[in-house]
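Chains as they are written, first to last, in this note's numbering: chain A, 27 to 336; chain D, 27 to 307.
Don't read these hints as lab results, they were simulated from the structure.
Every value quoted in this text rests on a predicted model; they were computed, and no experiment measured them.
In this text, a Cβ means the ideal position worked out from N, Cα and C, and glycines have one as well.
Treat each hint with caution, since some may be false.
[What the hints assert, rightly or not] So the derived list for chain D, only partly shown, Cβ under 8 Å to chain A, looks like this:
#  : residue
1  : LEU52
2  : MET73
3  : SER80
4  : PRO83
5  : ALA84
6  : PHE86
7  : THR87
8  : ARG101
9  : ILE143
10 : LEU176
11 : GLY228
12 : TYR241
13 : GLY265
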Amino acid sequence: MPKLAARTSATTRSGSAATRPGWLKRLTGRESYVAFWFLLPALAMLVLLRLWPLGGAIATSTQASGFGKTGFVGIDNYVRILQDATFLNALKVTLLFTVLVNPFQIVLALLFAVLLVQKIPAVGLWRSIIFLPAAVPQSVSAVIWGIVFRPDGPMNGALKVLGIPQQPFLTSPSQALLSIIVIVSWVGVGFWMMFLIAGLKDIPAELYEAAEVDGAGSLRKFFSVTIPQLRRPLLFVLVADTVANFLVFAPVQILTKGGPTGSTDLVMVEIFNKAFTTGDLAGATAGTVLLVLVVLAVVTAQFRLLPGRD
Amino acid sequence: MKKTFGLSVQKYILLILAILISLYALAPLFWAGIGAFRTEQDIFKYMNPLTWQSFIPAPFTWDNVQVVLQSSFPRALLNSIIVTASTVALGLAVSVPAAFALSALKFRGQGLVFAVILLSFLIPFDSIAIPLSATFRTLHLQDGFLGLILPGIGNGLAIFQLRQFFLNVPLELKEAARLDGMGWFALMMKIYVPLAKPALIGAGLLLFIFQWQAYLWPLLIAPDPQYIQAPIAIANYAGEHSVAYGAIFLAGIVTALVPLVVLLFTQKYFTQSIATSGSKG
């Protein structure tokens, strides 16, 4: 393998784009041909098994909801659910949930990742244990946490030992959403941590050595080497975690069904209610399409505003 | 710095932190694990206030082990392993070339392809599962492993993740290999894949979690008990009139231990840095 100077990949990339040799330019046509075959299996899968059904959902969302009417109604279902107080509350709850849960999970995942790339005994074991909650079937972890958070459950038992009075957790409008955040973070943080560990392992040791020569302390090294070098994995984790949290459904459906008093009524739960409790399939698919649009807007903003996309 | 058992004080503090975080991850499972060896009446005893019996299953029972072994769970776990392992293998085979094309190749329409991949993982799969399962039925893909595996193979998130890591491979490596006359497929297999092993494990985790957690799709497409998946076998312990909590806990923990063992064996690949292996290799 050719010898390489230890340079950051960012400078390497921009440098070579400007000085691309002529033979490579001539090959660009052939590169398109190669790219086509390399992408074909994945794109075929994604178009047939994701985008095509989404197209079907968009079509359903423009049909009458079936309450005595049939046929094409255009954007009526969208207008209807956007005037529906329950759906608007679900949007509000989802945005609040998103703003709280994503920074919380990503900061924790980053801290855990930084800790678990240090040379400490049995580090692989600790990583795997912290990942473990993600491998528990969602229905099982929801049942376990439902009992842990019961007013007479072990969490209140532990609080009593510490002299803290009994808390209502999932049964209180003011604590239910925070309790859900604790539960989904117990599952999510260890999962996303693994990607940040992979990213941290990717940072050349030379960069840290160079920073030390310049007299940088731990904190300086973290902000001037770790964070910039981690920008691509970090963007991935931010986008993927944001999407995952917008689509949270099973734990909430099992534990609170959106209650008490709508305080945990995430859009996914509300869509499920519309489809299976109210029987409003057109409204539910319109809600799904709106949710995809909201997530698309947020993810696009993350791509535009943050480094690490190329 | 003073060292005890070859560890500095700083390392001890970090080790203690790692153990504390592991305890936070384990605590609810530990409590459920104890419940798996209690009788149904005892599971909700000793929760509050905490006593010594909160931490030890006394009286002890093997009843739940019996229930789990005699249920469809052993079969379901094997099915889940078959479906998930196939999905991870096929999913990587599909995702790696796609991510390679998006990061190492230049072609027209790159932005559009990337947009399609992004859009694909914003779509809540459970929301499109019902109409998609109807399509699968007309293609006679119901009640079989193929129908269970197919939706998991195309995973936009895995492609996006691999792309982010492939972009870190220094371009000089690619250009030097191309000048040496190396073909694109060889470049991908001999340079990109070996340099991005932690990223491959990451993509494997994304493909894995989609299938391991799948609930609605197997329920829709493979209701035949021959193809039952672990999460569904576990949900079956919750009957209309009673819930076998001990069996749910036991089967849930066993389900989580399978990937734990696999993950432990992959830890040795979380070692290299691309630039160091690039300059020293």
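Now for the hints, and whether the structure bears them out:
no.: 1; hint: LEU52; verdict: 6 Å, holds
no.: 2; hint: MET73; verdict: 5 Å, holds
no.: 3; hint: SER80; verdict: 7 Å, holds
no.: 4; hint: PRO83; verdict: 14 Å, violated
no.: 5; hint: ALA84; verdict: 16 Å, violated
no.: 6; hint: PHE86; verdict: 19 Å, violated
no.: 7; hint: THR87; verdict: 18 Å, violated
no.: 8; hint: ARG101; verdict: 16 Å, violated
no.: 9; hint: ILE143; verdict: 7 Å, holds
no.: 10; hint: LEU176; verdict: 7 Å, holds
no.: 11; hint: GLY228; verdict: 5 Å, holds
no.: 12; hint: TYR241; verdict: 7 Å, holds
no.: 13; hint: GLY265; verdict: 14 Å, violated
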